[in-house]
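There are 4 protein chains.
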Amino acid sequence: MTSPRHETALIVGAGHGLSASLVRLLSREGLHVAVAARNTGKLAALSSETGAHTFACDAVDPDQVKRLFDDVEKRIGVPDVVIYNASGRTRGPLVDLVPSEVERALAVSAFGGFLVAQQAARRMLTKGYGAILFTGASASVKGYAQSAPFAMGKFALRGLAQSMARELAPQGIHVAHFVIDGGIRSPGATDTLDKPDSMLDPDAIAENYLHVLRQPRNTWTWEIELRPWVERF
Amino acid sequence: MTSPRHETALIVGAGHGLSASLVRLLSREGLHVAVAARNTGKLAALSSETGAHTFACDAVDPDQVKRLFDDVEKRIGVPDVVIYNASGRTRGPLVDLVPSEVERALAVSAFGGFLVAQQAARRMLTKGYGAILFTGASASVKGYAQSAPFAMGKFALRGLAQSMARELAPQGIHVAHFVIDGGIRSPGATDTLDKPDSMLDPDAIAENYLHVLRQPRNTWTWEIELRPWVERF
Amino acid sequence: MTSPRHETALIVGAGHGLSASLVRLLSREGLHVAVAARNTGKLAALSSETGAHTFACDAVDPDQVKRLFDDVEKRIGVPDVVIYNASGRTRGPLVDLVPSEVERALAVSAFGGFLVAQQAARRMLTKGYGAILFTGASASVKGYAQSAPFAMGKFALRGLAQSMARELAPQGIHVAHFVIDGGIRSPGATDTLDKPDSMLDPDAIAENYLHVLRQPRNTWTWEIELRPWVERF
Amino acid sequence: MTSPRHETALIVGAGHGLSASLVRLLSREGLHVAVAARNTGKLAALSSETGAHTFACDAVDPDQVKRLFDDVEKRIGVPDVVIYNASGRTRGPLVDLVPSEVERALAVSAFGGFLVAQQAARRMLTKGYGAILFTGASASVKGYAQSAPFAMGKFALRGLAQSMARELAPQGIHVAHFVIDGGIRSPGATDTLDKPDSMLDPDAIAENYLHVLRQPRNTWTWEIELRPWVERF
Chain A
4 MTSPRHETAL IVGAGHGLSA SLVRLLSREG LHVAVAARNT GKLAALSSET GAHTFACDAV
64 DPDQVKRLFD DVEKRIGVPD VVIYNASGRT RGPLVDLVPS EVERALAVSA FGGFLVAQQA
124 ARRMLTKGYG AILFTGASAS VKGYAQSAPF AMGKFALRGL AQSMARELAP QGIHVAHFVI
184 DGGIRSPGAT DTLDKPDSML DPDAIAENYL HVLRQPRNTW TWEIELRPWV ERF
Chain B
4 MTSPRHETAL IVGAGHGLSA SLVRLLSREG LHVAVAARNT GKLAALSSET GAHTFACDAV
64 DPDQVKRLFD DVEKRIGVPD VVIYNASGRT RGPLVDLVPS EVERALAVSA FGGFLVAQQA
124 ARRMLTKGYG AILFTGASAS VKGYAQSAPF AMGKFALRGL AQSMARELAP QGIHVAHFVI
184 DGGIRSPGAT DTLDKPDSML DPDAIAENYL HVLRQPRNTW TWEIELRPWV ERF
Chain C
4 MTSPRHETAL IVGAGHGLSA SLVRLLSREG LHVAVAARNT GKLAALSSET GAHTFACDAV
64 DPDQVKRLFD DVEKRIGVPD VVIYNASGRT RGPLVDLVPS EVERALAVSA FGGFLVAQQA
124 ARRMLTKGYG AILFTGASAS VKGYAQSAPF AMGKFALRGL AQSMARELAP QGIHVAHFVI
184 DGGIRSPGAT DTLDKPDSML DPDAIAENYL HVLRQPRNTW TWEIELRPWV ERF
Chain D
4 MTSPRHETAL IVGAGHGLSA SLVRLLSREG LHVAVAARNT GKLAALSSET GAHTFACDAV
64 DPDQVKRLFD DVEKRIGVPD VVIYNASGRT RGPLVDLVPS EVERALAVSA FGGFLVAQQA
124 ARRMLTKGYG AILFTGASAS VKGYAQSAPF AMGKFALRGL AQSMARELAP QGIHVAHFVI
184 DGGIRSPGAT DTLDKPDSML DPDAIAENYL HVLRQPRNTW TWEIELRPWV ERF
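Which chain is which? The protein sequence lines are A, B, C and D, in order. The working numbering puts the first residue of the first sequence at 4, with every later residue one more than the last. The working numbering puts the first residue of the second sequence at 4, with every later residue one more than the last. The working numbering puts the first residue of the third sequence at 4, with every later residue one more than the last. The working numbering puts the first residue of the fourth sequence at 4, with every later residue one more than the last.
Any given hint could turn out to be false.
For identical chains, the list gives no copy identity; a pair is met inside one copy or between any two copies.
As the list claims (entries may be wrong) - Listed next, the in silico DSS-like pairs over lysine-lysine satisfying Cα-Cα at most 27 Å (straight line): (1) Lys77 / Lys145; (2) Lys130 / Lys77; (3) Lys130 / Lys45; (4) Lys69 / Lys45; (5) Lys198 / Lys77; (6) Lys198 / Lys45; (7) Lys45 / Lys145; (8) Lys198 / Lys69; (9) Lys45 / Lys77; (10) Lys130 / Lys198; (11) Lys145 / Lys198.
If you're looking for bench data, these hints aren't it; they were derived computationally from the structure.
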């Protein structure tokens, strides 16, 4: 009835506060945590603080992603939990967007998610359990004006997550998608006095990921929405 | 940053195992719990076990619902948490359905939800906080053949919950809707050997309600889906 | 490959310009048209203009709806096309809504739709063809603040339509739901100069209903959205 | 009140019967039609039959797409109607998919749609009108098992279409997305006797595109679903 105990986790993408909150929370829960980003420089402090292992990886490169999983496996073992937390975006009027930037944004938000998920699924299927979590956004379910590339990438990631949930859940892999509907508060930032608690707290978001990881397989969440109390939706 | 501490809860509807699981879990968490159903006879054992207060109420009757809240308030105080867990259904080919039964099903699933939510909201707005949770089903988001009345009621309840979330969240009331996508295991039933964990566990569902109740207001869920690992969706 | 030729139509509800546009268009297309409303007084001019037959009927009363279909059948034959175009609403802060008005709104928007659809389906199944169309709104897919009763009714109607489409389409009955996302221009009103074409044109909406009625059964629409070019969505 | 008269059309992608049906229908309606595909060999017969101009273009290459629009403009003028009808797919268990094939599928289904839409929008905005239509599939709204790449591409295309509708509709460009939910009958194929009309008719689908093109701007469709009467959904 209980979920298999998760001992290892890999978090890919480190663009904002959520990854740091996840690393801290999962480390505190006793998991061995690996975190990967294109630029590991900005992960040094987090690594010192939490003991998390850091890896350099461009998630849109199949070879680098394969190597990442091989390296993580050597260092902490096959990850029981894999979280894809990277995304790419470029904004502006549709007619002014630069094709190469759109291509890159789509690759980071969606194709990289596929590459990471595929490597994760291969290893988890051998064990018969594991969890793959995807970080979505408002743009996962609503295409906003002047933001087509982000909508394309986040819609695609949701399609991937839904297809994987249908395919892999019956094989014991928990796949879940989080719709983060609102801005995430920057680390160290404080709320403005007139609108308290108006931005998502990355630590609170991370608690939701942990909650989903603890669900027994007879009661799994595929999708959950999160937004501040005052957010329009 | 933390949610206001919930001290009292009212659960309306007691048709299946979920209400019992909620009563047990919230009681164990230290809340004073009231539970209402049309027929309180079947609540006696649960009440003895948990100390929950029981009330007779037909949720589709405005006067009875009003009186329920007055009575609950006298006994345990204004409920900080209200969960609407009742639903009505009648099945069969559309052409064979009995209008009075359809009307009743729609009233129990949706109109009763409105009546309970309105009484709850009035009291919570005075305090400036509180949580109103609605139990949905697969039929909340998909209208199945030969089940039009259940789809009507559950779609309507979701419309109510979404409208309330938009209206009341910025006033401090947390409104959430749970899509229970699958059959709930009967109390005491055991899994068949060939399909373990193929039914939702009411205790595990209740843990998800508790999780949502604990969310700080900067990171609230409006909707969450739950289903067994092997459920088609 | 072609749809059966529709010769008779019944339109229920006559609250705004859409019903009049439908009566005119279907009459012009050569169908014998019946139109029902609680108050037939306001239908007199339309009847004179188009030759449509008018009937008094409160759509939430099972007996009146049954009688309506019997009367229509005597006058123009079994309707090949039935359009449910009635809705009820009451607005305001959730806590201020009057329960009896909410109940009535829900009944007109949803329960009446069921009663009409059931009578229609019984007669169409005997013939093996027919079309049942439902008029939805923005509130069919989005629950707005201070408008819970309308959301409840329109969500419920959509659940009914979706359940019916799954059940009845394979039996030859075309069921379709129209999401009218925006205000409908009042008959005779002209656009303001600064925002031309900013309201839905009831004649143009009616053309969409006719288009769906002409679809061959291998290419049926279940749902279609309509909104003015400048409408936010 | 009427839509601007469309005189020229460009259809991109020619993988199945729908493009041919669109070319025939729009030609018959008097439009000058251009059709582009990677391999124009298979378009020769269609071109002879309809007089449509054919162009070779790999829709995922920004330079080729730019040149396509320049060439089309020289031959028939700026296209008033642009239809993106290309898609890529690769199927199988997630763990067996070949990354380069997934990348290509995503590019053809989604990035190519962006490139074509961007070139179209630039030219249409100058004129102040035009229509850009996207062909979706069941996979646009539901991610099926063993079909993650198609879900990713079609979800992404839908996100693009929705973002564009929000951005460009108020500037006079009609953007619409068609959810083709079922198999399209191959040209010349006949229905099996036991399941008549069980596949979508490409000519009937094309009639729906034409219908949307004729909508006045006060009553525009953003999304429409199409499926055979017997299709499960």
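Cross-check of the supplied hints:
no. : hint            : in the structure
1   : Lys77 / Lys145  : neither (40 Å within a copy, 37 Å between copies)
2   : Lys130 / Lys77  : within (16 Å within a copy, 55 Å between copies)
3   : Lys130 / Lys45  : neither (33 Å within a copy, 44 Å between copies)
4   : Lys69 / Lys45   : within (22 Å within a copy, 39 Å between copies)
5   : Lys198 / Lys77  : neither (47 Å within a copy, 35 Å between copies)
6   : Lys198 / Lys45  : neither (30 Å within a copy, 47 Å between copies)
7   : Lys45 / Lys145  : neither (31 Å within a copy, 38 Å between copies)
8   : Lys198 / Lys69  : neither (45 Å within a copy, 34 Å between copies)
9   : Lys45 / Lys77   : within (23 Å within a copy, 52 Å between copies)
10  : Lys130 / Lys198 : between (47 Å within a copy, 19 Å between copies)
11  : Lys145 / Lys198 : both (25 Å within a copy, 26 Å between copies)
In this structure, the earlier hints numbered 1, 3, 5, 6, 7 and 8 are contradicted, and the remaining ones agree with it.
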